[in-house]
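K.L.:
Residue numbers (the numbering used here), protein chains in the order written: chain Y, 1 to 282; chain E, 1 to 282; chain X, 1 to 226; chain D, 1 to 223; chain C, 1 to 223.
Heads up, a few of these hints could be off.
Simulated restraints, written as ranges between beta carbons of each label pair [what the hints assert, rightly or not]: (1) D/L27 x Y/D24: 17 to 27 angstroms; (2) Y/E113 x D/V81: 58 to 68 angstroms; (3) C/R216 x E/D62: 50 to 60 angstroms; (4) Y/G15 x D/L14: 48 to 58 angstroms; (5) C/S218 x D/L27: 14 to 24 angstroms; (6) C/Q217 x Y/Q18: 24 to 34 angstroms; (7) X/D97 x D/S190: 40 to 50 angstroms; (8) D/A191 x C/G201: 34 to 44 angstroms; (9) C/G201 x X/N11: 46 to 56 angstroms; (10) C/E4 x E/R145: 25 to 35 angstroms.
In short, the hints are calculated from the structure, not lab data. Glycine is no exception: its CB is placed at the ideal position from the N, C-alpha and C atoms.
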Amino acid sequence: MIKLNITKKLHGANGAMQLALNIDIKEGEFVALSGKSGSGKTTLLRILAGLEDAQGEISVADKIWLHADKSLPPQEREIGFVFQEYALFGNMTIEQNLLYVTKDTKLANHLLEITELKEMKKRYPHTLSGGQKQRVSICRALMKRPKILLLDEPLSALDSAMRTKLQNELLTLHKEFQTTTIMVSHDPSEIYRLTSRVLVLDSGKIINDAKPTDILLKRQGSQKFTFQGELLEIKKVDVIFVAVVAIGQQLVEIALSNSEATSLQIGQKVILSTKAFAPTLS
Amino acid sequence: MIKLNITKKLHGANGAMQLALNIDIKEGEFVALSGKSGSGKTTLLRILAGLEDAQGEISVADKIWLHADKSLPPQEREIGFVFQEYALFGNMTIEQNLLYVTKDTKLANHLLEITELKEMKKRYPHTLSGGQKQRVSICRALMKRPKILLLDEPLSALDSAMRTKLQNELLTLHKEFQTTTIMVSHDPSEIYRLTSRVLVLDSGKIINDAKPTDILLKRQGSQKFTFQGELLEIKKVDVIFVAVVAIGQQLVEIALSNSEATSLQIGQKVILSTKAFAPTLS
Amino acid sequence: ALAANVSYAMNELQTAFYKKYPDTKLRIVIGGSGKLSAQIKNGAPYDIFMSANMYYPEALYRENMAITKPRIYAQGALAILSQRPRDLTQGIKIVVDTEIRHIAMANPKTAPYGKASMEALKNAKLYQKIKPKLIFGDSIAQTVTYTMTAADLGFIAKSALYCLKMKKFKKDKNWIEVDANLYTPISQGIIITKYGSNNSAAKKIYDFILSKEAKNIFKKYGYNTP
Amino acid sequence: MSFEPFILSFKLALLTSLILFCITLPLAWYLSQTHSRIKPFIEALTTLPIILPPSVLGFYILWALSYSSPVGAFFEDTLGVKLLFSFKGLVVASCFYSLPFMVQPLQNGFESLNKNMLEASYIAGKSRLTTLFRVALPNMKSALITAVIITLAHTVGEFGVVLMIGGNIPGETKVASVAIYEMVEIMDYSAAHIYSAVMLGISFAVLLSVYIFNARQSRRFGL
Amino acid sequence: MSFEPFILSFKLALLTSLILFCITLPLAWYLSQTHSRIKPFIEALTTLPIILPPSVLGFYILWALSYSSPVGAFFEDTLGVKLLFSFKGLVVASCFYSLPFMVQPLQNGFESLNKNMLEASYIAGKSRLTTLFRVALPNMKSALITAVIITLAHTVGEFGVVLMIGGNIPGETKVASVAIYEMVEIMDYSAAHIYSAVMLGISFAVLLSVYIFNARQSRRFGL
Ligand SMILES: Nc1ncnc2c1ncn2[C@@H]1O[C@H](COP(=O)(O)OP(=O)(O)OP(=O)(O)O)[C@@H](O)[C@H]1O
Ligand SMILES: Nc1ncnc2c1ncn2[C@@H]1O[C@H](COP(=O)(O)OP(=O)(O)OP(=O)(O)O)[C@@H](O)[C@H]1O
Ligand SMILES: [Mg+2]
Ligand SMILES: [Mg+2]
């Protein structure tokens, strides 16, 4: 559905950098955009939105958005955009920010409910916390029920509970409206949970274009459990050594032998493996 | 070292909200500040920095920072502050942003090296990506070698590699200078890795004040491995069912029995447990 | 349209005129002669122009903006005014007095009264001596203002002394006339403009201003009349 | 005492500000958004009307608008409007010499707007015009107020140009500033004092209410 | 043709802008940072000097500065400065009537600054003064330029007040605007045209270079 083949000169981290992308995105896909800071993610979204010019071509469905010098104005590209820096309308209350996009009070209320902003809908952006602004920005982007949704780190300033909630919400909306979504995210579990495809950018080029599972999955089902983790601490408890290992956001304590305890260094990446008999889910 | 006992009226998510905090922080502590969006984290940091007024008292070491109506100006509180919204000086290059704080070229170069910004130090903030700005902001806060460092989600816009790198850097600096650090973060592993204490805020009150291990550690060392995870998918491979479970940022595939496969629902939080014989680290 | 210095006499002229022609309405526009003549040149809706000198009316006449040859309706006289009482009987020589630090006069380039003042000083051979003391007002009104505030002495139009404000000033103590032989009389000219050529009322006013009756009024206000 | 000059003055100032606002809005907007090479030229040009002394400027405008010039002839013959010595002419001239006071603060205001905010409005499908009125202008209230207030005040106070091309005709072009000037010229000081005091009084009241309103507004937005 | 009036004009304009800048900087800064109740009063007051017609304002200033008023007496007796009919007096008067043109854009500029940026400077241990000069002002270049340009231009063009309290003394208070005005008054139009043209030419050159410089600058900062 989206065919994009563009180049643009940027100032990269190490001098001039060429953004050169050739991407096809199918209708209804949920694509994650990942990559180092400064690799061109925001710029790509901005070019797609028509906010920045570029050489090359973009066509969406059967419409041409960019071709030679002709560029469809952002107004006519049916997109929603969540800015990395929120960009709320300071002169409008939260509610007005949403209704400015579309006069759909029902949808606005629904979105405000989900994002737990309903009670404060009469307040102005200047008095909001970072995370609250981010949520308003997401709601605003959704007000248009856009065909294409561009999200620039939309959940970065949110606590994990709110984050999970909004992830589910995004997923629901995505399925409901068949929105084609491109989301910049640095969080692998978020990427896995939401997206069906990951584009990894580096210095303006795509260095990886795959399914999230291909990029994230470490071990295919096996009798042996293996986790990557980080050794955080070695404590002496009575006479034995106990290692604290962080695996994802969880910690595990493991008894160590003396020799193990001396050979391992704190901060080291470690592989924790164990023969597992009949792992069970409950 | 820091004794803080303050109240302040805020507009919370559900109408008026009272920020009421009574905290003691020891010298050299690395404290994490966590809690829902809009719970008052940024406000607390701003009050500590002297950027916002409040009722109550703050004393640091033997100096009084806030008492009745007397408030020590921010200039004399030896603090570093990383703003949630960066707040770089637009008229100065990256390098000048750092040198404005202290004319210490060596330190500036060192910090720019760590944050991989050295090549672009002559550029102005307006041409930087979100993550690049955030890194400059961190560098700037460190330039003063502050006694107290206040970090408002300092790593939220960074990819995980850069994030890990800067986490280690923050830790090193913390240990080297014995900086008392307060960091707002939503990322549990970050909290565990860096901090020695977590304050959890909710609606302006502290609802939890504990060691990261107490909050995060799920299982104390045991013969039985238990992980919390999320069931992402159930696939049929040949004749057996395979469940894909996300644990932290890793995925695990587990063979399921027929009955298990039908009783579990996608999206469900699951506990994965297994009898482990002699887990090994390597 | 009339020059500012005539405005003091104008009230009485107006009353007298209305007595004669109760049906004719006068609309009076006051301004600097230079500005007014520039406006007339560009078609301003003024029927009659009473200038503070002959120069502007003559220029307008030359350029066919006036339908009548400029005629003198009054001749202004020059006076010296001092806010504080002084012995003014010595006449114009007072300007060399060391107590006098600033002398106001109208700009000799733009204002006819200024030109006359300058002439008087030069003829009295005093100009070189007191040159640094001089400050120049844009118009006779501004010169009066200077005299009343910042300057010690001022060369003003005698007619200005007849307005209400100035009644408190006494002859010889606060003001004296400048010897009329020291300067050429300040002839003030009147014309009917091209704009007023078809206006019968304009002719009435024109005739009235030049009439004996008007002359008496002008005399009362310190003008000489031809 | 007649109130006519005051009413004329404020009518003139309001009309001038209104017209100027409409004219300069697109200009200032264009200047704030463009990076074109001719931008500095336009900027310098728009500042020129205040370089010449008002009465001299008035003199040139007088020329330009008189029937002997093509502009004046065009207005009179084609549009049937006589500009000199009429209130309409005053408005035209006031617009001309007050131009910089309106353009500059507006342009400033536009330039200090958050660009992402405008882009967000475009993405919401709103045209440039809608964005201008619903997002840009409301977010630069203080620049707006500066522009309008300075233009209003300057137009009220100006008399050089007005006197020159208006011709001081009572009820038509005799605005308060000209009336006061005239009083000073004929040394009717007490009347001048009264008129000045009234002028200052009304203006102060107007200004004060605008500023108080503005302070309230910014408190409302939590600035 | 004499260049003296031009030199006087630009000297006056530069001095006025400079002094006014120094005076209004703290005022504008204060107004932008305060939420005090008296703020609207001060704002309204600073706008008043342009409400009265210049020549009338000049008339009052003349009074205020003359020896018979306490202000004038103070200046002359205590400070030994004679203000009337001297260049110094022109500077004082120009500062007074150009006040709003400097205060308003500066205040605007300060108000549109990112507050966090100023706070970051305070936290870096920098005083308000350092912050003002090294962070605030450099980040509001276009407001700064507006303030200075409008003040300069308006001072160059103004002649009502200058004529009144300057007394048109060649080499001392006869600035270009007054000289041109005088030429128009005595109908020496060709000289007036030449002087006007020179005036416009120089001013245009100055303005243009300022605006080109500004455009370069903002390109450098990547705006
Ligand atoms: N200037 C202000 N005036 C009034 N209320 C404010 C102001 N700024 C923030 N608030 C309110 O105070 C509460 C706490 O805000 P704060 O910025 O401290 O939250 P936070 O914990 O940092 O949230 P986040 O994680 O979203 O950044 C929020 O409900 C917010 O709406
Ligand atoms: N206006 C600009 N002019 C020139 N270069 C720019 C401009 N904006 C950004 N860049 C540069 O282009 C590169 C890509 O920027 P972009 O904002 O797309 O990065 P990003 O991938 O979104 O990074 P982040 O994760 O830090 O937000 C960066 O190196 C940045 O410095
Ligand atoms: Mg980005
Ligand atoms: Mg916050």
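K.L.:
Could you say whether the range 46 to 56 angstroms given as a hint is met by the Cβ separation of C/G201 and X/N11?
P.N.:
47 angstroms, holds
K.L.:
Hint says 24 to 34 angstroms; check whether the CB-CB distance for C/Q217 and Y/Q18 agrees.
P.N.:
28 angstroms, holds
K.L.:
Should the hint that D/A191 and C/G201 are 34 to 44 angstroms apart at their CB atoms be regarded as holding?
P.N.:
42 angstroms, holds
K.L.:
Does the Cβ pair X/D97, D/S190 satisfy 40 to 50 angstroms?
P.N.:
Given about 32 angstroms between the Cβ atoms, the range is violated.
K.L.:
Quick check: does the Cβ-Cβ distance between C/E4 and E/R145 fall within 25 to 35 angstroms?
P.N.:
59 angstroms, violated
K.L.:
Given a hinted range of 58 to 68 angstroms, is it respected by the beta-carbon distance of Y/E113 and D/V81?
P.N.:
With Cβ atoms ~59 angstroms apart, the hint holds.
K.L.:
Quick check on a hinted range of 14 to 24 angstroms for C/S218 and D/L27, using CB atoms only.
P.N.:
At 18 angstroms between Cβs, range holds.
K.L.:
Given a hint of 50 to 60 angstroms, does the C-beta separation of C/R216 and E/D62 actually sit inside it?
P.N.:
Cβ of C/R216 to Cβ of E/D62: about 52 angstroms, so the range 50 to 60 angstroms holds.
K.L.:
Please test the hint of 17 to 27 angstroms on the beta carbon pair from D/L27 and Y/D24.
P.N.:
44 angstroms Cβ-Cβ, so the 17 to 27 angstroms window is violated.
K.L.:
For Y/G15 and D/L14, compare the CB-CB distance with the range 48 to 58 angstroms and indicate the outcome.
P.N.:
Holds: the Cβ-Cβ distance is about 56 angstroms, inside 48 to 58 angstroms.
Violated hints for the displayed structure, listed by number in ascending order: 1, 7, 10.
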